[in-house]
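Trainee: Residue numbers (my numbering), protein chains in the order written: chain A, 5 to 172; chain B, 5 to 172; chain C, 5 to 172; chain D, 5 to 172.
Treat the hints as calculated values from the structure; they're not laboratory data. Bear in mind the structure is a predicted one, so any value in this text is a computation, not a measurement. Any given hint could be a false lead.
Since the list gives no way to pick out one identical chain from another, each pair is judged satisfied if it fits inside one copy or across any two copies.
Straight-line Cα separation of at most 20 Å, SDA-like style, residue types lysine to any residue; simulated pairs [said to hold, decoys possible]:
1) K131 <-> V156
2) K7 <-> E76
3) K74 <-> E62
4) K74 <-> S49
5) K6 <-> K125
6) K74 <-> G90
4 protein chains.
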Amino acid sequence: MKKLISICGSDGDDERLAGYALEVAYKIGRLVAQRDGVIVCGGRSGVMESACRGAKEEGGITVGILPYGKDEANPFVDIAIPTNIGNVRNYLVSSTGDVTIAIGGRWGTLNETAFRMISQKPLILVKGTGGVVDDIINHSILRDVEYSYHVVNSAEEAVEKAFELSSV
Amino acid sequence: MKKLISICGSDGDDERLAGYALEVAYKIGRLVAQRDGVIVCGGRSGVMESACRGAKEEGGITVGILPYGKDEANPFVDIAIPTNIGNVRNYLVSSTGDVTIAIGGRWGTLNETAFRMISQKPLILVKGTGGVVDDIINHSILRDVEYSYHVVNSAEEAVEKAFELSSV
Amino acid sequence: MKKLISICGSDGDDERLAGYALEVAYKIGRLVAQRDGVIVCGGRSGVMESACRGAKEEGGITVGILPYGKDEANPFVDIAIPTNIGNVRNYLVSSTGDVTIAIGGRWGTLNETAFRMISQKPLILVKGTGGVVDDIINHSILRDVEYSYHVVNSAEEAVEKAFELSSV
Amino acid sequence: MKKLISICGSDGDDERLAGYALEVAYKIGRLVAQRDGVIVCGGRSGVMESACRGAKEEGGITVGILPYGKDEANPFVDIAIPTNIGNVRNYLVSSTGDVTIAIGGRWGTLNETAFRMISQKPLILVKGTGGVVDDIINHSILRDVEYSYHVVNSAEEAVEKAFELSSV
Chain A
5 MKKLISICGS
15 DGDDERLAGY
25 ALEVAYKIGR
35 LVAQRDGVIV
45 CGGRSGVMES
55 ACRGAKEEGG
65 ITVGILPYGK
75 DEANPFVDIA
85 IPTNIGNVRN
95 YLVSSTGDVT
105 IAIGGRWGTL
115 NETAFRMISQ
125 KPLILVKGTG
135 GVVDDIINHS
145 ILRDVEYSYH
155 VVNSAEEAVE
165 KAFELSSV
Chain B
5 MKKLISICGS
15 DGDDERLAGY
25 ALEVAYKIGR
35 LVAQRDGVIV
45 CGGRSGVMES
55 ACRGAKEEGG
65 ITVGILPYGK
75 DEANPFVDIA
85 IPTNIGNVRN
95 YLVSSTGDVT
105 IAIGGRWGTL
115 NETAFRMISQ
125 KPLILVKGTG
135 GVVDDIINHS
145 ILRDVEYSYH
155 VVNSAEEAVE
165 KAFELSSV
Chain C
5 MKKLISICGS
15 DGDDERLAGY
25 ALEVAYKIGR
35 LVAQRDGVIV
45 CGGRSGVMES
55 ACRGAKEEGG
65 ITVGILPYGK
75 DEANPFVDIA
85 IPTNIGNVRN
95 YLVSSTGDVT
105 IAIGGRWGTL
115 NETAFRMISQ
125 KPLILVKGTG
135 GVVDDIINHS
145 ILRDVEYSYH
155 VVNSAEEAVE
165 KAFELSSV
Chain D
5 MKKLISICGS
15 DGDDERLAGY
25 ALEVAYKIGR
35 LVAQRDGVIV
45 CGGRSGVMES
55 ACRGAKEEGG
65 ITVGILPYGK
75 DEANPFVDIA
85 IPTNIGNVRN
95 YLVSSTGDVT
105 IAIGGRWGTL
115 NETAFRMISQ
125 KPLILVKGTG
135 GVVDDIINHS
145 ILRDVEYSYH
155 VVNSAEEAVE
165 KAFELSSV
């Protein structure tokens, strides 16, 4: 069975999406594939596409769990799952990974992050990637409530932590 | 067709859940029922039960969208929907209301709030009820991203706003 | 807590939908409401609308679990649940009832019927209403596999059986 | 993007499940993998396991969409998706394939088959594999209602047809 790493973050419509977040996603895609892990994501543009592109450059496998049809997939998705349930598919992206990594993001990423916390499954937030990820970190959102997230500072650290957590 | 008002907030397991949050939920239940609205919620204890209790005291109708079976329902639920999909049912609670009102809450409420924002449907946050609601308000979470939430200060204001928004 | 009776059957697009099936649905709606039960259905036209109309004529409550938005609801739905998950909502219609009654129907009704069987919750098929219901009865589909359906011959018998089963 | 072929059929609990059905599933797994297709299924035992085993023997990729957790997966699943939504996951198995092939089966397979028909996406039934598949074929269930299924007589014919349909 393959290790699955879910990547959550903004699609390309997000005007605040920084080049740094895309770079982190791309590196994570490469590093996960190098370790024979599978990238799982929402299958669309932005952070998702960068992670898939990185994985494909290393010969990895990518899974895109799409809101509606396969035509929404970015060009680097191998296994496109057309759910036809719209944003409800977020919970599948969030819960499929052995570990989930969040990068920047808006309401969709917040939705996925919160769902992950409810499930009490491992979540990694990459600091400095902006959006809701930095909001959660900087304002210690619900920090006094049972949680299972880890804050890391780079793509390398994220993948190191992800494989460490997924082998527990 | 009835006006549906969804109520999101902590169940009774939340140690941080304040008496004030429960009181607000109870009053909202009463006020919604007085105006012939239907209370929709996750059907369990805490904020959900208080809202249902208030509604029933005024002869209103209550809907509980439950994680698993009907035995999870609080005693004030009329229409118990046993979804058997666990916390994925959160998205149904969140999206069913013509307007959704969030009170206090933890990761589940954050999940429902974020889902509501993605759907761009009206959401009301009751200030001072603690938990994730006050976290979002006080730290202006994603305030620069398209959103459709309204901040109110009391049960009365919440219901006034809810009926105003639901008649648009 | 109210008794919930789910009604499954064709919408008005079904050219094979017989007047008799609509009449049965209408009568069931009336009889369920007379006993203070709630009609749950897919919220649309055809069999669903007839059941809701019957229930409303007796002052009952009706719930419509819709594929997408509230604008899809027939005029006799009180509580319209806009799921936005398309036909995946079928499983909710099927599993919400304490008892589910199937009348005529096509692939959607077959979908709901089969899902009900997997859940091993009580199901009533009204003989003579055509479509997939009569197909299942006449050809003894999967009759040698664990099942929990009951065959009845009229609206009256269906409701009698439904309340008998729901009080177990 | 990979071609995805969904396989529906009984798990190992089905006492009526014939050796022939398992053999067909195994061959389909091999043939799909030989053509670089991906096997998608419910991830469990019986027909699902046979298809996955066949695919793995040819170095293919297999996806298992599981009712609850990853521990339910058969040993030949590469990408295990733990949905935690129970049998509601059937609709995902059914709709993910570019083409879906049904083999034998009980209520779950009937559920998946009916859902596929509603979606009007290509479905192949392998004649002679027993269960609900032969019930649908032999009794021409809903044959006069819009449908998109194809009846084939062997694993070879099934895969030939599947790739023909998926390249449209």
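Trainee: Hints first: check each against the structure and report whether it holds.
Mentor: Quick rundown of the hints versus the structure:
In this assembly of identical chains, K131 and V156 lie within 20 Å of each other by CA distance solely inside one copy; the values are 6 Å within and 32 Å between copies. Taking CA atoms no more than 20 Å apart as the test, K7 paired with E76 passes between copies only; the shortest distance there is 16 Å, against 25 Å inside one copy. Taking the shortest alpha-carbon separations for K74 and E62, neither the intra-copy value of 23 Å nor the inter-copy value of 26 Å comes in at or below 20 Å. With identical chains, the CA atoms of K74 and S49 are at most 20 Å apart within one copy only, with a shortest distance of 13 Å there and 28 Å across copies.
Taking the closest pair of Cα atoms, K6 and K125 come within 20 Å of each other only inside a single copy of the chain (17 Å); across copies the shortest separation is 29 Å, beyond that limit. For the identical chains of this complex, K74 and G90 are neighbours both inside a copy (13 Å) and across copies (17 Å), given an alpha-carbon limit of 20 Å.
Checked against the numbered hints given earlier, this structure breaks only hint 3.
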